[in-house]
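Trainee: Listed in order, the protein sequences are those of chains A and B. Position one of the first sequence corresponds to residue 1 (my numbering), numbered consecutively onward. Position one of the second sequence corresponds to residue 478 (my numbering), numbered consecutively onward.
Bear in mind the hints are in silico, worked out from the structure with no lab data behind them. Note that the Cβ used here is the ideal one computed from N, Cα and C, for glycine as well. Don't take every hint at face value.
What the hints assert, rightly or not - Heads up, simulated DSS-like pairs for lysine-lysine below, C-alpha to C-alpha not over 27 Å straight-line:
id, chain 1, residue 1, chain 2, residue 2
1, A, K445, B, K784
2, A, K111, B, K711
3, B, K515, A, K282
4, B, K512, A, K192
5, A, K338, A, K422
6, B, K512, A, K222
7, A, K32, B, K704
8, B, K713, A, K28
9, A, K282, A, K222
10, B, K515, A, K280
11, A, K447, B, K784
12, B, K518, A, K108
13, B, K900, B, K675
14, B, K828, A, K472
15, B, K667, A, K280
16, A, K462, B, K765
17, B, K784, A, K472
18, B, K541, A, K108
19, B, K784, A, K462
20, A, K294, B, K883
21, B, K711, A, K28
What the hints assert, rightly or not - Chain A is faced by these chain B residues, among others (derived, beta-carbon under 10 Å):
id, residue
22, E519
23, L590
24, I708
25, A812
26, P871
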Amino acid sequence: MGRPGRKGYSLPQLDVPDRSVDELLPAKMQRKAPLDMPELSEGEVIRHYTELSTRNHGVDSGFYPLGSCTMKYNPKVNEEVAGMPGFALVHPLQDQSTIQGALELLYKTEKELKEVTGMDRLTFQPVAGAHGELTGLMVIQAYHRAKGEERTKVLVPDSAHGTNPATATMAGYDVVQIPSNEQGLVDVKALKEALDEKVAALMLTNPNTLGLFEEEILEISKAVHEVGGLLYYDGANLNAIMGYARPGDMGFDVVHLNLHKTFATPHGSGGPGSGPIGVKEKLTPFLPVPLVEKDGADYYLNYELPQSIGKVHGFYGNFGVVVKAYTYLRMMGKEGLKQASADAVLNANYLMERLKKTYYLPYDRVCKHEFVLSAREQKKKGAGAGDIAKALLDYGYHPPTVYFPLIVEDALMVEPTETEGKETLDGFASTMEEIAEAINKDPEKIKSAPHTTVVGRLNEVKAAREPRLRWKRDDLK
Amino acid sequence: MKGANFLSLTVEERREMLEYIGVDSVEELFNDIPKDLKLQKELDLPPALSEEEALKYLRNMAGKNKNLQDCVSFLGGGVYDHFIPSIVKHVTGRSEFYTAYTPYQAEISQGVLQAIFEYQTMICQLTGMEAANASMYDGATALAEGAVMACAATRRNKVLVSQSVNPFYRKVLEGYFSTRGLLLEEVPIKEGQTAIEKLEKAVTKDIAALVVQTPNFFGLLEAGLDKAAEILHKNKALLVTAVDPLSLPLVQAPAEYGADIVVGEGQGLGNTPSFGGPLLGFFATREKLIRRMPGRVVGETVDNEGKRGFVLTLQTREQHIRRERATSNICSNQALNALAATVYMAAMGPKGMREVSEQCLKKSAYARDKITSLAGYDLAFDGTYFKEFAVKMPKDADEINSHLLKQDILGGVDLAPYYPNLKNHMLLCVTEKRTKEEIDALTAGLEGLK
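Next comes chain A alone, as it looks inside the complex (with noise of 0.2 Å):
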């Protein structure tokens, strides 16, 4: 594409006096080979990724129910007020006089982010939930050592996110996996055979990742504190109880949010997200540093900790998306995140209580945001749940997160958000339904789709096998 001597930009004349490159630059520093890029006009440009953009869905395409990822609409207004040039213009190291509105924005997000959670302070240094989880490990493990303790292990349900116990490896511990009951929970009692005093932390979320509420939380938080171990929350699935329980009151001695996903900040096709951890009075000195602090009316950055794990991200996280999450607090109120949690859960129990008819529920009773469904019934007949999955993409809809928990064969695990309304997700129940039924006939049909995309099912074996990363001249040969 593109063509020698097109342009796609203009910037202004060099204004000042124009020296050489070769003096200023001595010829061993320079670069050898030039750089091969195509040269496109401006319109060209725009066509091209115009053109990549509709071969792409968000949610603003249409119902996407990927479990355990929240995906909710995004308000425009978040957009706008994070494109401000006072927000979006404005350089980390100027001096604090000059950036005394993003403090404030700081300093407010997280007071009412304490509130929702019920923890005593936040950093916003982490800027993915996966970030989150290894600064919280950090803090746990900082905490530990100014105690004087070096503990090894940490403990990861079977259906927990994938990255819990690669996080914890990352922060140096070795995972213990605990097992969970038939109800679906946490195992209480080998939860209790695996405690001892090399525990330094077992990381949970509630509702757990089969949108179950661990109703032995209290009991599961006083077994890990006796022995001295603290309790990490995955604050991934956060929307379901906004207003209605807070992981502070439940013994959570950490907590990550998401803000892209509870906050309704947009996922950006994998990010930028934002994993700020919010903490209990006795971890705040191990924060990483700086906190936003207020002195009278003015806010200022707070690097005196002097137990501070150190930094996670060069500067103060991803800033720009906890502007979008304040501007949604902000609109939502107390009472607007509460129905928010509220019609996130009559949404996946309706959603449930319609599917379980066609496909089977290994759990059955109230969920909370979402719901794991199997598609063993189906596999018999001849197509699984990547199968439905494709097929659901021949319909417009964004298929449910699949495979996982690794604890459910076949699992489909569905989470509709409460923005949806009814019609969608009566629309998505008919269709599932319409897939089980095309599996009863021709199962085929299904292990073939998707039909209608840009691209049939793809090779993934085969890119992994003989990796092309990037673009090569000789392809054109």
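Assemble chain B onto chain A, guided by the hints.
Mentor: Showing chain B alone in chain A's frame:
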């Protein structure tokens, strides 16, 4: 109720749905929360604002910040005021891109997958490396991940890091290392550059890599990196370099001096400073290290009819498959920022990129000459600069900056907090956006301070 405009259910629908489920009220759906855990009060949050009220309130808050349009900025240190073509925002503003999740379902995510493939290609072009991932959180975490990866690849647990590496990056690196039980050793600086002559001795059998930055934190292009690479490779250790992508159209590509892992901050490629985030970490490496690379990667493949398409690949390294055996825990990253960088590079093309690079080089040289011609102002170090430079001044940096601020000039980064022996030193940055007039105003402001 305010705040309800993002919800869809009506009172009537809620009633119908509850009836279908067979419960009387929505509260019943929360009965699985034990009584003593159920919040007995309303959340203590401010009342909801309407859209107009929210806009007004937040515009007011934004107005309490000085922004880079109100001021002339010479601040760098990792985040830069570079020109962003208008089209970048229009592409990243396409909701098909920004309201999508990670492209797990490739068939309906070909748009972002192809864009990331183009991004990986362009990052490889810039750095001369053979593979790049689909973005990291920022330059600092990319550097830390690069150092961690070097330890895994060499099965050694100690890394040398130059004191001329951005101190914010080093702070993140320290944290990542301490938590994993890996060791760091600092390589001192001489005349503002990594003391390469210390390497012969420092690179022992337990050293996994040397971490350097070029241009380094003082804006200097490190002169001895080919020598460093030679020493490292002789000892089966790796060279990890952090680079400014906008220097690369002009400056030697890291592959040319032997780097094994190349990282950096890509914010300058079409992303706003946003008070330091979202930023864009990039990460590139040699072919042999592909399977150890952290984070997401997009690969080209074919569909069932042989048609070209793209998927997330090498996923067997990743947390959702390998769980505790994954090469990193990265899940959400900075995909939209990588898209912005892709559009930026496509619009600028090789000529535009080179022009930005040249203007940075020439304008900062002009500013350097002008400022150091003032009595009391000296260049801190000799060497080759790209767009930033450290200046020794007659007064404390804070004092100078507050004076400049009165003229709506954002001065430089005070170096003293990070290098106590560099008291009265400031790091100034001149990008292609600064005009001669603005540089002259800065010089006049500094002159008035003598």
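Trainee: Of all the hints numbered above, which does this structure not satisfy? Sort the numbers upward.
Mentor: Numbers 2, 15, 24 and 26, in rising order.
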